[in-house]
Amino acid sequence: AQSVTQLDSQVPVFEEAPVELRCNYSSSVSVYLFWYVQYPNQGLQLLLKYLSGSTLVKGINGFEAEFNKSQTSFHLRKPSVHISDTAEYFCAVTEGGSTLGRLYFGRGTQLTVWP
Amino acid sequence: NAGVMQNPRHLVRRRGQEARLRCSPMKGHSHVYWYRQLPEEGLKFMVYLQKENIIDESGMPKERFSAEFPKEGPSILRIQQVVRGDSAAYFCASSPPSQANTEAFFGQGTRLTVV
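Residue numbers (this note's numbering), protein chains in the order written: chain A, 1 to 115; chain B, 1001 to 1115.
Careful, some of the hints might be misleading.
Unchecked claim - With a cut-off of at most 25 Å between alpha-carbon atoms, the simulated SDA-like pairs for lysine to any residue come out as follows:
| no. | chain 1 | residue 1 | chain 2 | residue 2 |
| --- | --- | --- | --- | --- |
| 1 | B | Lys-1062 | B | Glu-1041 |
| 2 | B | Lys-1044 | A | Arg-107 |
| 3 | B | Lys-1044 | A | Ser-27 |
| 4 | B | Lys-1044 | A | Pro-18 |
| 5 | B | Lys-1044 | A | Ser-30 |
| 6 | B | Lys-1027 | A | Leu-46 |
| 7 | B | Lys-1071 | B | Thr-1113 |
| 8 | A | Lys-69 | A | Glu-20 |
| 9 | B | Lys-1044 | A | Asp-8 |
| 10 | B | Lys-1044 | B | Arg-1009 |
| 11 | B | Lys-1027 | B | Pro-1097 |
| 12 | A | Lys-49 | A | Ser-73 |
| 13 | B | Lys-1044 | A | Thr-72 |
Stated by the list, open to error - If we take Cβ atoms under 7 Å as the criterion, some of the chain B residues that face chain A in the derived model are:
| no. | residue |
| --- | --- |
| 14 | Ala-1002 |
| 15 | His-1031 |
| 16 | Tyr-1033 |
| 17 | Glu-1041 |
| 18 | Leu-1043 |
| 19 | Gly-1059 |
| 20 | Pro-1061 |
| 21 | Phe-1065 |
| 22 | Ser-1095 |
| 23 | Pro-1096 |
| 24 | Glu-1103 |
| 25 | Phe-1106 |
| 26 | Gln-1108 |
| 27 | Gly-1109 |
None of these hints come from the bench; they were simulated from the model. Keep in mind that this is a model prediction, so the values were computed, not measured. From the three backbone atoms N, C-alpha and C, an ideal C-beta is built for every residue, glycine too.
Model the full assembly from the supplied sequences, consistent with the hints where possible.
Next comes the structure, spelled out in structure tokens:
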């Protein structure tokens, strides 16, 4: 079974500052990687996904992530955050060959953007 | 195209009662997944169902929990004789029959409170 580690439970930043949310997963032959965002009392919305191809993946709302196989990492970045980015962010992984709905999640990172 | 619909959004049960959570997948989706989110934690996989079949129930507690996805109607997650520790947000996700490069879509969740 996979395990996913999100190294920071809380990340406070000021508006327009850059941000990086870190994610590491346990090694496997092949994996698919995802970042989801959850606003208060809402469900999960997909930000971006890595299935194959370019290791730099661009998602919605200006977010991007880079898949690093040697470091088993999939860190999420945004060059300039807005107050509306305040939310909980979850990294998730599924093993290659599995259904994409069978996900292993990290514990989440609460991003708080201050004015 | 409506998204994944879960109801009720909030459910309060007394200890010992039964809780029934419903999930209607997106139109054309025949795969359903249930996840549980405990306070301050990420989502934990519970069960994966296709129409009339349980494919993977490795995350389901051995007692009191059951799930079904009948040929007609929504998927149901049933918790018998609820206890305080069952208080959590329960999320349903669905995906289409073809799994190639298609992520699962999440509902807004049912927040169960056991009093």
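Hint by hint, here is what the structure shows:
With a C-alpha separation of about 21 Å, the suggested pair Lys-1062/B and Glu-1041/B falls inside the 25 Å cut-off, and the hint holds. Of the supplied pair hints, the one linking Lys-1044/B and Arg-107/A holds, its CA atoms being roughly 10 Å apart against a limit of 25 Å. The straight-line distance between the Cα atoms of Lys-1044/B and Ser-27/A is roughly 19 Å, inside the 25 Å bound, and the hint therefore holds. In summary, the hint linking Lys-1044/B to Pro-18/A is not supported, as the alpha carbons are separated by about 30 Å, beyond the 25 Å threshold.
Taking the CA atoms of Lys-1044/B and Ser-30/A, the gap is near 21 Å; set against the 25 Å cutoff, the hint holds. Between Lys-1027/B and Leu-46/A the CA atoms are separated by roughly 19 Å; this keeps the pair inside 25 Å, and the hint holds. Between Lys-1071/B and Thr-1113/B, the direct Cα distance comes to roughly 30 Å. Violation of the 25 Å bound is thereby established for this hinted pair. Pair hint Lys-69/A plus Glu-20/A holds up; C-alpha atoms about 18 Å apart against a cutoff of 25 Å.
This hinted pair checks out: Lys-1044/B and Asp-8/A have alpha carbons roughly 19 Å apart, not beyond 25 Å. Of the pairs offered as hints, the one joining Lys-1044/B and Arg-1009/B holds, with about 19 Å between alpha carbons and a cut-off of 25 Å not exceeded. As the CA atoms of Lys-1027/B and Pro-1097/B are separated by approximately 11 Å, the hinted pair is consistent with the 25 Å bound. Under the criterion of a C-alpha separation no larger than 25 Å, the hint pairing Lys-49/A with Ser-73/A is consistent with the structure, at around 13 Å.
Restraint check for Lys-1044/B and Thr-72/A: satisfied, since their Cα atoms lie roughly 21 Å apart, inside the 25 Å limit. Given hint, Ala-1002/B at the interface with chain A, is violated; its Cβ is 13 Å from that chain's nearest Cβ, farther than 7 Å. Interface hint at His-1031/B: satisfied, since its Cβ lies 6 Å from the closest Cβ of chain A, which is below the 7 Å cut-off. At a threshold of 7 Å, the smallest CB-CB gap from Tyr-1033/B to chain A is about 4 Å, leaving the interface hint in force.
For Glu-1041/B, the interface hint holds, since its Cβ comes within 7 Å of a Cβ in chain A; the closest pair sits about 6 Å apart. The criterion of a C-beta within 7 Å of any C-beta in chain A is met by Leu-1043/B, whose closest approach is roughly 5 Å, and the hint holds. Annotation: Gly-1059/B was flagged as interfacial toward chain A, and the flag is violated, the nearest CB pair being 9 Å apart, outside 7 Å. Violation of the interface hint for Pro-1061/B is found here, the shortest Cβ-Cβ separation to chain A being roughly 17 Å, above the 7 Å cut-off.
Interface restraint check for Phe-1065/B: the shortest CB-CB distance to chain A comes to about 18 Å, outside 7 Å, so the restraint is violated. At its closest, the beta carbon of Ser-1095/B sits 5 Å from a beta carbon of chain A; the interface hint therefore holds under the 7 Å criterion. Hint on Pro-1096/B is violated. Least Cβ distance to chain A is approximately 10 Å, over the 7 Å limit. Residue-level restraint check for Glu-1103/B holds (minimum Cβ-Cβ distance to chain A is 5 Å; threshold 7 Å).
Taking 7 Å as the C-beta contact cut-off toward chain A, the hint placing Phe-1106/B at the interface holds, the least distance being around 4 Å. Checking Gln-1108/B against chain A by beta carbon gives a least distance of about 4 Å; that is within 7 Å, so the hint holds. Proximity of Gly-1109/B to chain A holds as hinted, the smallest CB-CB distance being about 5 Å (cut-off 7 Å).
In summary, the numbered hints that this structure violates are 4, 7, 14, 19, 20, 21, 23.
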